[in-house]
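Novice: These protein sequences, in sequence, are chains A and B. At position 86 of the first sequence the residue is numbered 85 (numbering that gives the first Met the number 0), and the sequence of numbers has no breaks. At position 16 of the second sequence the residue is numbered 15 (numbering that gives the first Met the number 0), and the sequence of numbers has no breaks.
Heads up, a few of these hints could be off.
Because identical chains share one entry, a pair is satisfied inside a single copy or across any pair of copies.
What the hints assert, rightly or not - Below 30 Å or equal to it, Euclidean Cα-Cα: the simulated DSS-like pairs (lysine-lysine) are:
#: 1; residue 1: Lys-122; residue 2: Lys-73
#: 2; residue 1: Lys-95; residue 2: Lys-123
#: 3; residue 1: Lys-123; residue 2: Lys-162
#: 4; residue 1: Lys-25; residue 2: Lys-95
#: 5; residue 1: Lys-122; residue 2: Lys-95
#: 6; residue 1: Lys-162; residue 2: Lys-118
#: 7; residue 1: Lys-25; residue 2: Lys-123
#: 8; residue 1: Lys-73; residue 2: Lys-123
#: 9; residue 1: Lys-162; residue 2: Lys-95
Honestly, the hints are just simulated from the structure, not real lab data.
2 protein chains.
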Amino acid sequence: MSNGFTIWLTGHSGAGKSTLAHALEKELTSRHISTEVLDGDIVRTNLSQGLTFSPEDRNINVQRIGFVASLLSKHGVGVIVSAISPYRTARESVRKSIPGFVEVYVNCPVEECERRDVKGLYKKARNGEIPSFTGINDPYEPPLNPEVEVRTDLESLQESTRKIICFLEQQNLIGEIK
Amino acid sequence: MSNGFTIWLTGHSGAGKSTLAHALEKELTSRHISTEVLDGDIVRTNLSQGLTFSPEDRNINVQRIGFVASLLSKHGVGVIVSAISPYRTARESVRKSIPGFVEVYVNCPVEECERRDVKGLYKKARNGEIPSFTGINDPYEPPLNPEVEVRTDLESLQESTRKIICFLEQQNLIGEIK
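For reference, chain A alone in the conformation it holds in the complex (with noise of 0.2 Å):
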């Protein structure tokens, strides 16, 4: 069985990791790594229909997601995770459990988020349609000591693709391509 590893996207709503982790998953797919987008959004739907946005039943869908990271990563897979992940408890109790886990902060100031406000989310949390956004009325913890930092707001998406994979060679989870 060979060695897989997680990438845990955590980061605001609205700071590109769904989009970093499309780039991650195209470059990882052409060096014919076996990969998996797990979107926060897609597994509740699979996995955590019903779970509400309490600071208890976000932890259990972190946790779920984290159960489901640590198969594929035990099987080989190069598993790409997208979820805010607010808490930072969360974050810690999956690493624990995922072999090659790589926390990567998509940090991105949460003004500009709101800024961006891609999905119009921030505008409905701003008029108390949604009751726990994460940044507006829910705390965001960010990593302490992640394994990579990007800085989607002052870095291309290349540059921030480049970052996390040259990291994965580092480590050895991935081959370096001459």
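On the provided structure of chain A, position chain B as indicated by the hints.
Specialist: Same frame as chain A, but now just chain B:
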């Protein structure tokens, strides 16, 4: 990406699903096939805390196991699911989403399962301590057309295992050993 498969063991509590799952795991592993057992009870604690044993919740649990099995199968893993999964529609629904789906009816008359009562659950169900227990006060819908049927009350563990392995070989889901 190589093709995986999912052996879905369905049958009453005490029919011998877990025993068969581990015999299959041993056999597949000896053939260098990346194998994962998804046990209904274990999955329940990781993915389905809070779900009851109502028909609706049982089906949600089956669908979650199916979601994980489909991801693993897609990435070449030989998945073995061991779960009562009592309802036909739920099993038919997961069948559609899983590549290389092999439904195995682990058939053992419920009277024999109750006689064995390995976990003491039938006694509890008879005492009214378990409100919805398959085969006692909750229905089990046997597969109408399973890929394989084993009779754990009539066959040895080795015979039942062999039947399933032969089917996988015939379908080219695994290689034959000459």
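Novice: Each hint should be assessed against the structure and marked as holding or not.
Specialist: Right, here's what the structure says about each hint:
{"no.": "1", "hint": "Lys-122 with Lys-73", "result": "neither (40 Å within a copy, 38 Å between copies)"}
{"no.": "2", "hint": "Lys-95 with Lys-123", "result": "neither (35 Å within a copy, 37 Å between copies)"}
{"no.": "3", "hint": "Lys-123 with Lys-162", "result": "neither (33 Å within a copy, 57 Å between copies)"}
{"no.": "4", "hint": "Lys-25 with Lys-95", "result": "both (27 Å within a copy, 27 Å between copies)"}
{"no.": "5", "hint": "Lys-122 with Lys-95", "result": "neither (36 Å within a copy, 39 Å between copies)"}
{"no.": "6", "hint": "Lys-162 with Lys-118", "result": "within (27 Å within a copy, 52 Å between copies)"}
{"no.": "7", "hint": "Lys-25 with Lys-123", "result": "neither (32 Å within a copy, 53 Å between copies)"}
{"no.": "8", "hint": "Lys-73 with Lys-123", "result": "neither (39 Å within a copy, 37 Å between copies)"}
{"no.": "9", "hint": "Lys-162 with Lys-95", "result": "within (23 Å within a copy, 39 Å between copies)"}
Hints 1, 2, 3, 5, 7, 8 from the earlier list are contradicted by this structure; the remaining hints agree with it.
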